[in-house]
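Undergrad: Protein sequence lines correspond, in order, to chains Z and G.
The first sequence lines up with residues 1 to 180 when you count with the numbering used here.
The second sequence lines up with residues 1 to 323 when you count with the numbering used here.
If you are wondering where the hints come from, they were derived from the structure by calculation, not from laboratory data.
Be careful, since some hints might not be right.
To be verified - With beta-carbon atoms standing in for the labels, derived distance ranges: (1) Z/Asp-74 to G/His-212: 22 to 30 Å; (2) G/Gly-157 to Z/Pro-90: 22 to 30 Å; (3) G/Pro-45 to Z/Arg-32: 21 to 29 Å; (4) Z/Ala-54 to G/Lys-43: 29 to 37 Å; (5) G/Lys-43 to Z/Gly-177: 33 to 41 Å; (6) Z/Arg-60 to G/Asn-37: 27 to 35 Å; (7) G/Ala-103 to Z/Ala-86: 34 to 42 Å.
Beta carbons: idealized from backbone N, C-alpha and C, even for Gly.
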Amino acid sequence: MNDRVVLDGKATQRTLRRLASQLVESLDDGARLALVGVRRGGVPLAEKLADLVAEETGRRPDVGAIDITLYRDDLYTGLEKPSFGATELPFELDGACVVLVDDVLFTGRTVIAALGVLRDYGRPRWVKLLVLIDRGWRELPVQAEFIGRTIETRREDRVLVEPEATAGQGKVTVRPGSAR
Amino acid sequence: MSGDEYFRRKDLLGLRFLSTGEITHILDVAEQFRGLNLRTIKKVPTLRGKSVVHLFLEPSTRTRTSFDIAAKRLSADTFSISGSGSSTSKGETLVDTAKNLAAMHPDIIVVRHRRAGGALMLSKELPDTCIINAGDGACEHPTQGLLDLLTVRRALGGFRGRVVTIVGDITHSRVARSNIWGLLKVGARVRVCGPPTLIPPGLVEHGVEVHHDLKEAIDGADVVMALRIQQERIPRGGHFFPTLREYSRLYGLNRDKLKNWARKDVVIMHPGPVNRGVELEPEVIDGEWSVILDQVENGVAVRMACMYLVLGGERAAAQEGRG
Chain Z
1 MNDRVVLDGK ATQRTLRRLA SQLVESLDDG ARLALVGVRR GGVPLAEKLA
51 DLVAEETGRR PDVGAIDITL YRDDLYTGLE KPSFGATELP FELDGACVVL
101 VDDVLFTGRT VIAALGVLRD YGRPRWVKLL VLIDRGWREL PVQAEFIGRT
151 IETRREDRVL VEPEATAGQG KVTVRPGSAR
Chain G
1 MSGDEYFRRK DLLGLRFLST GEITHILDVA EQFRGLNLRT IKKVPTLRGK
51 SVVHLFLEPS TRTRTSFDIA AKRLSADTFS ISGSGSSTSK GETLVDTAKN
101 LAAMHPDIIV VRHRRAGGAL MLSKELPDTC IINAGDGACE HPTQGLLDLL
151 TVRRALGGFR GRVVTIVGDI THSRVARSNI WGLLKVGARV RVCGPPTLIP
201 PGLVEHGVEV HHDLKEAIDG ADVVMALRIQ QERIPRGGHF FPTLREYSRL
251 YGLNRDKLKN WARKDVVIMH PGPVNRGVEL EPEVIDGEWS VILDQVENGV
301 AVRMACMYLV LGGERAAAQE GRG
C-alpha cells in the first residue's frame with residue numbers, strides 16, 4: 001500500500017489558521033496565553049501558531065518547549081537515540097494559560113508525561129491541548145481541546161508530518177505499517 | 001561490544017573501555033542534566049521504583065554524596081553500605097557481599113573498592129545488575145574522569161589540541177588514570193608532572209608527555225590539574241619524596257608560579273579533597289583560575305547521566321535482542 005496524504009500544504013495552512021482563530025476565540029480578556037510545544041514535532045508548530053495569533057490580535061503569545069524524555073513511563077525503550085533536548089519555558093508559568101501543542105495525538109502517553117513536566121515547573125492557570133492530527137488509539141484518557149484533523153489509522157501505521165508542514169508548505173501522510 | 005556512537009552499556013567500569021563517541025554522548029547527556037540541577041524542583045521521575053545501592057568499601061564523602069544526590073534527583077531509592085559496620089569488616093569477601101546484595105534485586109550498584117578490578121569482578125558476577133565504578137584501587141574512577149572532562153569542555157569549549165597538565169602523584173591516582181584515558185580519547189594533549197618516584201612507567205607509549213620540572217610542565221598549558229598526595233595509598237615504609245614541604249616547594253602551585261610560568265587564562269582543577277598548602281596554596285584554590293567547585297557541581301550531572309544511561313542502555317539492548 002502507498003502513503004496516503006491526509007493534509008497537503010494548502011490544507012495544512014488553512015487548518016493552522018483555523019486553529020489559531022479558535023485559540024483566540026477561546027481566550028478571556030486579559031488571559032496570558034503561552035504556547036508550549038512538545039519536542040520535537042510540537043515546537044515549530046507552536047512557533048507558527050504564535051505568529052498566526054499575533055496576526056489576529058497584534059500580540060504574540062509566549063512560546064516554550066518541553067522535552068518529556070525524563071518523564072516517560074517506559075524509560076527510553078523505543079527511542080532511537082538515548083538523548084534528550086532541553087525544556088525551555090522562558091516566561092512566568094504560574095498563572096499562565098498554557099496550550100500544549102503537539103503534531104500527532106496517539107496513545108496519550110506523551111501528553112500525560114508533558115503534564116508531569118509542567119507540574120514540576122510551575123502552576124499554570126489552566127492547560128489545554130492542541131494537536132494537528134488526532135489519529136486515535138488512545139491508551140490513556142486524554143482528549144484534545146483543539147484538533148486540526150481527526151483521521152482513521154490502523155495501530156501499526158505511521159503518521160508522518162513533514163517539518164515544513166508547520167510552516168504551511170509540507171504535507172501530512174499516513175504510511176501503512178505491517179501488522180506484527 | 002556496544003556501538004561507537006552512543007553509550008548503551010550495562011556497566012560503567014572505566015574510561016579505558018569507552019570509545020570517543022560514548023564519552024561524548026555521556027558528556028552531552030550530563031550537560032542536559034546540569035540544567036535540571038538549576039531548576040526549583042530538581043527531581044524528575046525517570047528512575048522511579050529503581051533501587052541504587054552505594055557499596056563504598058573505602059572512605060568517601062563527596063563521591064558518595066554526589067552519587068546519592070544524583071540518584072535521588074532521578075527519583076531512585078538509595079541504600080548505603082560502607083566498609084566499617086558492614087559484613088565486609090567481618091571478613092565477608094566482595095563477591096559474597098555483592099551476591100547477597102544482588103539477591104535483593106537492586107538495579108544499580110555503585111561500588112568503590114580498594115583493589116583494582118573490583119568493579120569489573122562485580123560486573124562479571126552480577127550479569128543482571130548495572131555496575132558503576134566509583135573507584136577501584138589505583139586503577140580508575142570513571143565518573144571523576146567524566147566530570148573533569150565536562151569541566152574542561154565547559155571551560156575551554158572543546159578538547160582538540162588543548163594541553164592538560166596533571167601534577168602530583170600519578171602512580172597512586174585512579175583519577176589521573178581515568179583522566180589520561182579520557183583526555184587522550186577526546187583529542188587533548190596530556191602532560192604529567194611529578195617526582196620520578198610518583199610517575200609510573202609506560203605513559204610515553206600512550207602519547208603522554210612526562211615532566212619532572214613544574215615550570216616546563218605548565219608552560220603553555222590550558223589546564224593544570226593538581227592531585228592530592230595520597231598518603232593512604234603509599235605503602236607503609238614507602239619513600240617517594242623526602243618531605244611534604246619539599247614536595248610543595250617543587251610541585252605545589254602558588255600565585256607567583258602561576259603568574260610567572262602559566263598562561264594568563266590557565267584553568268586550575270583539583271579532584272578534592274585538597275591538602276591546602278601542599279599541592280595548592282589557598283590563594284590558588286580560591287583564586288580566579290580555580291574551577292574546583294564547578295567540578296563538584298558537574299559531578300552530580302555526570303552521575304545522573306551515567307545512572308540514566310546504564311539503565312536505559314540495558315533496556316534498549318534487551319529490546320534489540322542483544323541484552
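Undergrad: So does G/Ala-103 sit 34 to 42 Å from Z/Ala-86, Cβ to Cβ?
TA: holds, 40 Å
Undergrad: 33 to 41 Å was suggested as the range; check whether the CB atoms of G/Lys-43 and Z/Gly-177 agree with it.
TA: holds, 37 Å
Undergrad: 29 to 37 Å was suggested as the range; check whether the CB atoms of Z/Ala-54 and G/Lys-43 agree with it.
TA: holds, 36 Å
Undergrad: Could one say that the CB atoms of Z/Arg-60 and G/Asn-37 fall in the range 27 to 35 Å?
TA: This hint holds: roughly 31 Å between Cβ atoms.
Undergrad: Looking only at beta-carbon atoms, does the pair Z/Asp-74, G/His-212 fall within the given range of 22 to 30 Å?
TA: violated, 55 Å
Undergrad: Assuming the hint says 21 to 29 Å, is it satisfied by the Cβ distance from G/Pro-45 to Z/Arg-32 or not?
TA: holds, 28 Å
Undergrad: Between the beta carbons of G/Gly-157 and Z/Pro-90, is the distance compatible with 22 to 30 Å?
TA: Between G/Gly-157 and Z/Pro-90, where Cβ atoms are some 24 Å apart, the hint holds.
The structure shown violates just one earlier hint, number 1.
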